[in-house]
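Chain A is already provided as a structure; the job is to place chains B and C on it using the hints.
Residue numbers (our numbering), protein chains in the order written: chain A, 1 to 266; chain B, 1001 to 1344; chain C, 2001 to 2306.
No wet-lab data here; the hints were simulated from the structure. Predicted model only: the values in this text are computed from it and were never measured. For every residue, glycine included, the Cβ atom is placed at its ideal position computed from N, Cα and C. A few of these clues could be false.
Stretches of chain B that chain C covers, calculated by requiring three or more beta carbons in the stretch to come under 8 angstroms of a beta carbon on chain C [to be verified]:
| hint | region |
| --- | --- |
| 1 | 1048-1062 |
| 2 | 1207-1217 |
With a Cα cut of at most 27 angstroms, we get these calculated DSS-like pairs of lysine-lysine [said to hold, decoys possible]:
| hint | chain 1 | residue 1 | chain 2 | residue 2 |
| --- | --- | --- | --- | --- |
| 3 | B | Lys1043 | B | Lys1260 |
| 4 | B | Lys1263 | A | Lys130 |
| 5 | B | Lys1269 | A | Lys130 |
| 6 | B | Lys1105 | B | Lys1042 |
| 7 | B | Lys1141 | B | Lys1201 |
| 8 | B | Lys1337 | C | Lys2014 |
| 9 | B | Lys1337 | B | Lys1181 |
| 10 | C | Lys2014 | A | Lys95 |
| 11 | B | Lys1042 | A | Lys55 |
| 12 | C | Lys2056 | B | Lys1260 |
| 13 | B | Lys1337 | B | Lys1191 |
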Amino acid sequence: MARYFSVQHQPGFTAMAVICFVALYAPILILVVYAFNGGESIASWQGFSLRWFEKAWNNEQVIGASWRSVKIASAAAVLATIAATMAALATTRTKPYRGLTLKYAFINQPLMVPEIVTAVALLIFFSRIKVATGYSGLGYLIIAHTAFCIPFAYLPIRARLESMNLTLEQAAADLYATPWMTFRRITLPLLWPGILAGLMLAFVISLDDVVITNFVKSGGQDTLPTYMLGQLRRAITPEMNAISTVFLLLSVGIVTLFFFVSRKRD
Amino acid sequence: MNWKLTTTAMGLALLASTGLASAAGELNIYNWGNYTSPEMIKKFESENDVKVTITDYDSNDTALAKIRQGGHGFDMVVPSQNYMPIWIEEGLLLESRPDEMSNYKNVAKEWADPDFDKGRHYSVPWAQGTVGVVVNTDVYKGDINTWGIIFDTPDELKGKVNVVPEMTDVIDAAVLYNGGKKCTGDLEILKKVRDTLVKAKPNWVAMEYGTIEKMLAGDFSAGSDWNGSALRQRLQNPAIKYGYPKEGYVNWSDNLVVLKDAKNVDNAKLFQNFMMDPENAGMNSSFHRYANGIAGSDAFMPAEMKGAPEVEIPAEFLPNGVPSQTCPPEVQEHYTKIWTELQK
Amino acid sequence: MARAQEIANQAERKDIRNRWILSAPALLIILFAATGPLLIVLVYSFLTPGPYGDVKWQFSWDAWTSVLLERDIFDDTLSLADAHLSILWRSVRLALGTTVLTALFGFPTAYFIATRPAGSRDIWLFLITIPFWTNLLIRTFAVLEIIRNEGIVNSLLIKLGVIQQPIQMLFTDFAIMIGMVYVYLPLMVLPLYASMEKIDFRLVEAGYDLYATRFKVLRRIIFPLVKPGVIAGSILVFIPSLGAYVTPSVLGGGKNMMLGNLIELQFGQGRNWPLGGALSITLMLIVMVALLAYVRNAGTAEVRHG
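Extracted from the complex, chain A is given alone in its bound form (with noise of 0.2 angstroms):
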């Protein structure tokens, strides 16, 4: 009479996980194929080429983008990481003190934010700035890259900081240690792998922006993904997709690495 319904299995529900992670895919590696492929257009195959790779590798304006992607997105992550740890050093591991939420809220402000409001708004603040002190260079997108990082180098770091707990530093103190030397001796290292996973999450993110980078640079200023919107909306070829599976391997090789590090049990 009774029959037994094992927890691992809802009707349909495996049938339905399934459908997801392949649709979830499908389209990228459908993207992926296509750049291997030796026509024009997307619709028909024309044999195995590594010809739009080779173009996107020629093409100044590719390549001048990627590397502005990439030098921003390192100095963001590296201003932002430092940022976040002093932050999460101040929020954490403590009893709850006057301005402690509203600092955590501020923090965290960016995500709750929807991006093309701090967009426009950095439009407007910047332009003035740039007007008033002539000044055009990368340094307007870095900040306003470090500031929307912050919150999310915050999070890791947040996270294993509290999962340390604090013997092992009051011991220290016991022994004498100034604060200075226990932060450096005993501290930071434990907290390491949360720093460095802070650093390639706040990376991707950086290198993933396009709505505030779109509204902030100035000329010459274009990230890959800048230039990307740009092709997207007026002259879509093969050589996109050449270039979205590079940068797709880029991502891919530092979320894994992110995947791996933050699993390393201590």
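Here is chains B and C on its own, set in the frame of chain A:
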């Protein structure tokens, strides 16, 4: 401790990210998308040891808006002739005096002293062309030389028409279609224009700039477009033809200028001179498929452009051409309001 | 003894001060490049548009009134700005649709991952987040290539003889929604999974032992337990969908605008920065309302099952 190593690596990355450019000079050009020959740019770069960056824009309005807000970092722009007086009046341009440069003698007679830039004190011709309709004649066999294709779409094309969202082009077309004269301030006609546009919009599938690839892939079967783009499409699919609307079509030209707040003025002037050389202008035209205003460049343009109906306007359609010109500010305002209403 | 208390207090104050100093860089950067500029947007929304973009420093209510009302160009009558309202409605509609669809697809997927053996769960999670880490543009582009007239879906359907002509999927509201579902699905799955992982599956087993059908178990036991996850996921999907800009731009063909595109237009061809500012603030207000609803709901949900 390996974290020391990683920190050093991070520090180096930070330093590397502030790296400096290696070329002797720079030039930042702001131009229409898909409009500059990469080959020609490489030639300029190697001849002058200058690193050129090109940033794309889609429409005159975007370009003007971006430059007006300041702090843009560009040295040169390529506005259309009907916007030139606005740029000059707003004080955005540097009087670089192309007419005193060594290659000025190559500028074709009819383009050497135009109304919108008397004596060529500011600009150099980049390209010129027309705005018309492109139709995939495999889908529609009727008369393609009319704005009715986009404003009163025939059944076979319903839901497959694209209209390039360049405000002045579209509204001019609608004005001409309703029998008005370009830049008319006649409210009666403008009302008809607004109604025509709003009524036609449901038949359109998109309002995009990327026409070439989508026409070839079959996402669009017809639309408004520029002639050079149409030629590029026909070369890949002979069924795609360019129509010169009998109600009237606009002749436009785009011109290369130097911005008042450009950082690389010398390189910009070098580039203006460079573009007045027939070989370079010809190379550029081979890429974007539009005619240019430099005499003698024909020798450097590919065979398929010679005699192409997109480039050399057939005699029967010549009288319907209307030159592009700047409309008075009140008319501009009306146009903007109609355009905004269209954007639902 | 009072002295000891004093010392303790002093130490505490010093500690708090240090914490403020430590958090200063992060707070300053965010103030400068994220929160502060929002105030500027508010200010700009009360100014007059300049002739070619930018603003004239003249106070005006125009931007705010034109968010909802418009003046007919020819007969000057004031009426509801149905252009803006239809775009607003489209944005809300598509964002809600995306949220519902991602929940529908995400729920079984999260359940599936949560019920895998503990060792392999990490891998499944990793697999579902990889697409999330690929660039938004690449994912949108991938969807474009699939649903266009010459794309795989249409070609397959024609080959199978189901249809003769390709179905126009691209450049429709449907395309935008598919694009957004594709892009935001992982954002729904992750919180759902986080909730489901915490479920004590013995409760589920108990349900079955008491002769409940699968559906009843789902409805009465599993669903209430994962409600916080559903709400968190919904917020994570709804907010970005509402303010989406890239996906509708690439998949909508410029004809089907969402709020994000309308805002962008004001800073380009529209030449009306104050209106752009007012629309941005409107968007933020809608988001805040949604967030408030979340906080309310999440709070009570936790209390009920705490």
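Comparing the hints with the structure gives:
1. 1048-1062: holds (count 3)
2. 1207-1217: holds (count 3)
3. B:Lys1043 to B:Lys1260: 26 angstroms, holds
4. B:Lys1263 to A:Lys130: With a Cα-Cα distance of about 14 angstroms, the restraint between B:Lys1263 and A:Lys130 holds, given a limit of 27 angstroms.
5. B:Lys1269 to A:Lys130: With Cα atoms ~24 angstroms apart, B:Lys1269 and A:Lys130 stay inside 27 angstroms; holds.
6. B:Lys1105 to B:Lys1042: Distance ~24 angstroms between B:Lys1105 and B:Lys1042 Cα, so the pair holds.
7. B:Lys1141 to B:Lys1201: 22 angstroms, holds
8. B:Lys1337 to C:Lys2014: 61 angstroms, violated
9. B:Lys1337 to B:Lys1181: At roughly 19 angstroms apart (the allowed maximum being 27 angstroms), B:Lys1181 and B:Lys1337 satisfy the hint.
10. C:Lys2014 to A:Lys95: OK: C:Lys2014 and A:Lys95 at ~14 angstroms, within 27 angstroms.
11. B:Lys1042 to A:Lys55: 15 angstroms, holds
12. C:Lys2056 to B:Lys1260: 22 angstroms, holds
13. B:Lys1337 to B:Lys1191: Given pair B:Lys1337, B:Lys1191 holds - Cα atoms ~11 angstroms apart, limit 27 angstroms.
Hint 8 from the list above is the single one not met by this structure.
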